[in-house]
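2 protein chains.
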Amino acid sequence: MASTLISRQFSLSLQKNLWLNAPACRYASKAAAKAEVEVDYDGPLMKTSVPGPRSEALTKQLGEIQNVGAINFFCNYEESRGNYLVDVDGNRMLDIYTQISSIPIGYNHPALLKLMSNPNNLSTLVNRPALGILPPENFPDNLAESLLSVAPSGMSRVQTMACGSCSNENAYKAMFIWYRNKERGHSNPSEEDISSCMINKTPGCPELSILSFMGGFHGRTMGCLATTHSKAIHKLDVPTFDWPIAPFPRLQYPLEEFTRENAQEEARCLEETEDQIVKWRQKGKPVAGIVIEPIQAEGGDNHASPNFFKGLRKIASKHGCAFHVDEVQTGGGTTGKFWAHEHWGMDDPADIVSFSKKLLTGGYYHKNEFQADKAYRIFNTWMGDPTKNLLLAEVLNVIRRENLLEETTRSGKALINGLYELQAQYPGLLSRARGQGTFCAIDICDDPTRSSILLKARDKGLLLGGCGDRSIRFRPSLVFKDYHIDIFLNIFNDVLAMHK
Amino acid sequence: MASTLISRQFSLSLQKNLWLNAPACRYASKAAAKAEVEVDYDGPLMKTSVPGPRSEALTKQLGEIQNVGAINFFCNYEESRGNYLVDVDGNRMLDIYTQISSIPIGYNHPALLKLMSNPNNLSTLVNRPALGILPPENFPDNLAESLLSVAPSGMSRVQTMACGSCSNENAYKAMFIWYRNKERGHSNPSEEDISSCMINKTPGCPELSILSFMGGFHGRTMGCLATTHSKAIHKLDVPTFDWPIAPFPRLQYPLEEFTRENAQEEARCLEETEDQIVKWRQKGKPVAGIVIEPIQAEGGDNHASPNFFKGLRKIASKHGCAFHVDEVQTGGGTTGKFWAHEHWGMDDPADIVSFSKKLLTGGYYHKNEFQADKAYRIFNTWMGDPTKNLLLAEVLNVIRRENLLEETTRSGKALINGLYELQAQYPGLLSRARGQGTFCAIDICDDPTRSSILLKARDKGLLLGGCGDRSIRFRPSLVFKDYHIDIFLNIFNDVLAMHK
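Line by line, the protein sequences give chains A and B.
So that you can map any letter, position 43 of the first sequence is 74 in the working numbering, and since no number is skipped, the others follow by simple counting.
So that you can map any letter, position 129 of the second sequence is 160 in the working numbering, and since no number is skipped, the others follow by simple counting.
Keep in mind that a hint or two might mislead.
Any copy, or any two copies together, can satisfy a pair, since identical chains are not distinguished.
Derived PhoX-like pairs: lysine-lysine, alpha-carbon spacing no greater than 20 Å straight-line [unchecked claim]:
no., residue 1, residue 2
1, Lys232, Lys314
2, Lys262, Lys232
3, Lys405, Lys91
4, Lys310, Lys232
5, Lys341, Lys316
No lab work stands behind these hints, which were simulated from the structure alone.
So that you can see chain A by itself, here it is in the shape it has in the complex (with noise of 0.2 Å):
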């Protein structure tokens, strides 16, 4: 089989280049034993349905501490590598879901092993600093070489954060400073500002708003919850703001053939995101910015064109408001561009861009003015992690070296037209084969056929996830390679036989 040989080599070459040159460790027999496996496997291999017993005894044990209703199964995060993820009853699936989509080269990456093997990054292991008072000695130069060595156009302030809720949630706060600065004239705050907002009173807790778009998903945390609206799982019984909501487009698929009606789709949708800002000025809530996903992802991969971006991006300066990109999942490459929004081809892409999971670190970087006026504004404990902040540049380090942009164009392109010959092949089952990269999803029929294929393909060594009402949304790391498309095709045809 093709595959297998590719991998094979693959494999070998990566351990020529990597692990060979690697200094021996005395403490590591475990881990020099492991340098002699493979760092992928050749494909899936299933012992026990999914959960296994294992895993069924540990979903129980951990039951009794907590909620364990969405636990998949258990992990031996060990034994995984690359592109496959091992359970702990001896299942190696091919994982095209990464925990959330949030493991940017694979499992046990050489080169992370290695950085994290090195003895000079012990004391950054076990003295977390308050970043925000006290930093290490490397951290400009780190960020430098990590986090604005990708910065998006126009940005060279990044701030760090410990997750993607703590971004959005302070990216807010920021638009929200930068208004009202703009609102004062920059002048000083008033003292009736300062006393009232100690007791949650206006002037100094104002009536602002963030207008996002149904189906958008930015978060859990409560700001961040006013701005969600993928699923009301999330959002019920938490008290909220009255926020503006615009719609977001609902394209028809295939594109080409709707040019016209997804055209008129993005512009309606514009013209209504610009009603529900002067609605809400008019309501005393004035909008003080906007936050969208490039591509919606936990509502259902929602895609719109760069025109219905550039759009909002204008409207946003028509009236005022910061504008918000957050790129928590499609961030970090796999829309074969390190960011999103880089397709839109715009100079001035945005005022913020948010970043999370494939970033490793949360945080977001700003245009110079939403740089918070005064100390403590924009601040807590920790304020990122710089243990995240290490691992995220050699994550850099590792796509350069090995082209993963250029690698993750070539394997979604592959993904892609692998999906459209699917839907081509089951067209009552599947449909709307959408993506970019291999941030690909594609509809099913219904949301219980759903849930039937992504369990039988987790049965057949396959780790999907869903999306939206019925989407089955394709999530896999920056390492996925041609021949893990084969293996995903062939195993992801025979379960959607099954259910013909």
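Position chain B against the provided structure of chain A, taking the given hints into account.
Here is chain B on its own, set in the frame of chain A:
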């Protein structure tokens, strides 16, 4: 000097116990050399004023990337040891602030260095899982050995989160979900609940509130921030919720001279709290939960008696509100007990206890009924970080092995007695010395004098932090001993003499 001698003996004995047993590592020529360095220095050593020239240069460099208004100086974490933080200019300071109270057992503790050098942990360091869906095999055991081994009374469930703000945000959500489930009689949400929450409307997003206390600090994301009332700069310009704020007792010191007045003050605050609960219910924004710190830390180290907290707990029960004790800063042992609420002597102290900082991972414990009824209600991509759980388990081992709670109680007595003596010596300058364990504070006559004292102390090798309007808070790690207190008192006395 006695303290120097004791310090050296302590260091040598620790080296013998821990370092010399550590397996050698060929990687670790640098680390091995460091093993010969003592685990704690014998006193501060200052080479420049702080920040020194190297810190100034790095601050300038970082200023191109971020707001640096809060940066104190840059650190050399590799050279820092135990209670001593070393900066990039070679200054060595006795650290009684510990990264905003987040370093549990000092810098570069040998046990943690050994742990992070263990190749068996490498996979944990490089493969961050989505804990809510695909946990590692050792996750339930690790929770049992770490967090559950120190669970507050009545709680056997714990949810990890990445930071303190996320912990409180999710704890608030758990209280809202619990409250609405009670209101619905635990039946399923209505169609109207489901559809209205998607567009930020009642009844799906209900008008519920969290009652907090003036002077409290619970974080800076938007839900948390609505309950934070310590400094205006945290809250200014950020939209918020109309939630009730009750007064926190302002005790008069010395406590034994103001028994009657303080009891009256606490009774007044309890009465006002109950009034607010009634008032907000009448306003149609019922109080789902009460959140409080056992000691208001950021707000100025404000204490209240066990009677106050017992009264508050009763009020919460009476009105059907959840009771959330925020131990983000107080938890982890510095008060001499692992949780500050243990000093209240209650079997059923709380419904929810949140933590972060010295626990190294964020999260919250909760009673069974506060577990969300369905999956994905309390959820995010990472839900904590197993690397931090690993570190915490070892920190807890060290706390037990070295009897650090007892040690902290002992050091705390020496510290507060020293502060009492200084207060008697400088009556115009110092007042209201107070504390529990080493979690101590003292008030300075005014804010400018406080700033001057903090800066002069730092230049003499003593790193302290402020809190409230004019307090200095003492937040040493758990390895802060009698002889460190001697060093502190000597230098602090010198600095105070300059301000007499």
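Under the constraints set out in the numbered hints, which ones does this structure not fulfil? Result: hint 5 breaks, nothing else.
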